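Protein chains: 2
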Amino acid sequence: MVGLGRWSYTIAEAIQSSPLLRLVTCFTRTPAKREEFSQKFGCGQEESYEAVLRNPAVEAVVLVTPNNTHAEQAMQAAAHGKHIRVDKPVATTIADARSMISACEKAGVVLSVAAPYRFTRGMRFFRKMVDEGALGVLAMAEANYSNDRGYFYTPKDWQWYNSGSPGGPLIQVAVHQIDSLYYLFGPVRRVSARFSKVMTKSEIPDVCVLWLEFESGLLGTLGTSFVSPTTKKGRFTLFLNAYGSEANLYHDRWDGLFVLRRGADNKERVPLEEYAGSGHIQANLEDFARAVREGRPPEVGGPEGLHVLAIIRAAMRSAETGQPVDVAEVLAE
Amino acid sequence: MVGLGRWSYTIAEAIQSSPLLRLVTCFTRTPAKREEFSQKFGCGQEESYEAVLRNPAVEAVVLVTPNNTHAEQAMQAAAHGKHIRVDKPVATTIADARSMISACEKAGVVLSVAAPYRFTRGMRFFRKMVDEGALGVLAMAEANYSNDRGYFYTPKDWQWYNSGSPGGPLIQVAVHQIDSLYYLFGPVRRVSARFSKVMTKSEIPDVCVLWLEFESGLLGTLGTSFVSPTTKKGRFTLFLNAYGSEANLYHDRWDGLFVLRRGADNKERVPLEEYAGSGHIQANLEDFARAVREGRPPEVGGPEGLHVLAIIRAAMRSAETGQPVDVAEVLAE
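The listed protein sequences correspond, in order, to chains S and H.
Just so you know, our numbering puts the end of the first sequence at 333, numbered straight through with nothing missing.
Just so you know, our numbering puts the end of the second sequence at 1333, numbered straight through with nothing missing.
In isolation and in its complexed conformation, chain S is listed as follows (with noise of 0.2 Å):
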């Protein structure tokens, strides 16, 4: 585990509920915080990111660490002959993402992007409903995930800064939303986007709303703010729901997945037991180290993580120009 944040303890609890998953060691520049997660999870900590490389022990890495890290650190840990796990978004620009997806397509290493969403029971079911064609012809999607970090952000973040959460909210949190979009539609072909700064001190936007087409046609709306609320039990906006000709199916993650047939009674709930925790987010780990241990691509690596990060980047361009935006024109250069 590289990185030693907040998340990553949220990370390393997953891996340690898992029998295919071993934490064997840690790394973080900061001494306290090595020795603080070290002994929170038995596992041994090193004093340099060389280290964790260098340990035989060692199978993969797992990088938590600020988006533009990711590119140097993945490619330094293929050189080493590591697989790489990266949080998302794989990196924050298309060069980066393109220079990881060769060095480890080169040294023979599997690259993972988080994607744990996706793993969601939810998801998945929302995934097996459109594969049956439960919902008849597909009309529309739309998703919105909304949550209060902007307001957590302070100069000493990397969060805080354009070149590390480039974007704001859109790579930080919506990137989920639009991985699953991706899972459940394909893939997409233009967008439009507007961006805009309500609250926050920091340089990075609050606010994110986009229309997007995908490549079947589908069309679609987005909208991610960064300055909205949480209650208590840590419960924000996360939605994604789709219009079919023949049922809608409405996913939110607190509230769970509803679904709209024509000429039912009326709109129902899909009685379905989402993971406890965060078993999403094993499973999302154990695609890893299956993908590790079978020798195949994982369900979301190099050429799905830059697809995503191209739709990003492609909203970030039509915010700035004005103009709708392919995401083949950003993937082409």
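FYI, nobody ran anything at the bench for these hints, they're computed from the structure.
Owing to the predicted nature of the structure, the values given are computational and were not obtained by experimental measurement.
Just so it is clear, CB atoms sit at the ideal spot from N, CA and C, and this is done for glycine as well.
A hint or two may mislead.
[Said to hold, decoys possible] SDA-like mimics (lysine to any residue), calculated; alpha carbons at most 25 Å apart, straight line: (1) S:K232 to H:R1262; (2) S:K232 to H:A1283; (3) S:K197 to H:R1127; (4) S:K197 to H:F1185; (5) S:K232 to H:F1185; (6) H:K1128 to H:G1322.
[What the hints assert, rightly or not] Over 12 Å on every C-beta distance to chain S, these chain H residues come out as not near it, computed from the model: (7) G1042; (8) L1210; (9) F1236; (10) A1242; (11) E1294.
Chain H: place on chain S using the hints.
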């Protein structure tokens, strides 16, 4: 009552439930339809629109006629000194809307445009929350209105054609959400939109997605589909959400109002009893009646109807040109 399709029956019931309104007479081209309506509601009937306008007992006409006939009919009514209530949208073109407004001003008659959704208790409560600052600084708004009306139109219906129903679900149903967004958050500066045609054979599109920037700077998304299910109970997708720094408010026509406040235990249901049946339609009509009696503009008159139409027209132009379009640009022509 002029134009006696199924919607005029709902309006007639609202008129008959109100102590401020009286249904005097009716007209539509087909004699059997006039007879049926007249029998059902115990009102008179006329053999021509001209006869309605010459009837001295008629103070105001309620036009439930094709969108693209509103302008001519309204101008005729104004010439006869009758007050006018048109169904939404005010008209299909900016020029028509302007002609109506000008004719009504000159004749000194009230022009009211149907906007019943903003008269629901939910939308009234929503506006109160926004006005009182309960949401804090507004970050984002989002809305959807999707139903299955697209399947019901045949070449015999004016809604089948671009001339009568340009923009399809955008002008026919999402118009209600556009009015509500305008009611809650003020005028719109710019929109970017995209249409698609996934199922139906008519001239009109099936689906529209867009983002909006309000003059205040607030951003929003809107989606609308004409080919998505309705339940036996007549329930479809109709929601409007707003995200603020202190609270988010979620309004669903059927599920009710929910608020997520910063630091609250949970998202909570707002106990609010909605008008039974067509109470919001009656409230909208009574505002018209009071405007006539008090010699004041109605809450939604020509200028408001024109702004809503201009947003729709800007969205249509955006979908056509592939560029975001300023509402002012559409209005300037």
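Checked hints:
Between S:K232 and H:R1262 the alpha-carbon distance is near 8 Å, which keeps this suggested pair within the 25 Å criterion. The suggested pairing of S:K232 with H:A1283 is violated, with an alpha-carbon distance near 39 Å, which exceeds 25 Å. A C-alpha spacing of about 23 Å is found between S:K197 and H:R1127, which places the hinted pair at or below 25 Å, so the restraint holds. Between S:K197 and H:F1185, the direct Cα distance comes to roughly 17 Å. Compliance with the 25 Å bound is thereby established for this hinted pair.
With a CA separation close to 28 Å, the supplied pair S:K232 and H:F1185 exceeds the 25 Å bound. Using a Cα cut-off of 25 Å, the hinted pair H:K1128 and H:G1322 is violated, with the two alpha carbons roughly 37 Å apart. Its beta-carbon lying about 35 Å from the closest one in chain S, H:G1042 satisfies the requirement of being farther than 12 Å from that chain. A beta-carbon of chain S is positioned within 12 Å of the beta-carbon of H:L1210; the least distance is around 6 Å.
Distance check for H:F1236 against chain S: the nearest CB is about 8 Å away, which does not clear 12 Å, and the non-interface claim fails. With a closest Cβ-Cβ approach of about 9 Å to chain S, H:A1242 is found to fall inside the 12 Å limit, against its non-interface label. Listed as outside the interface, H:E1294 is consistent with that label: its C-beta sits roughly 38 Å from the nearest C-beta of chain S, beyond the 12 Å cut-off.
Of the hints listed earlier, those the structure fails to meet are numbers 2, 5, 6, 8, 9, 10, in rising order.
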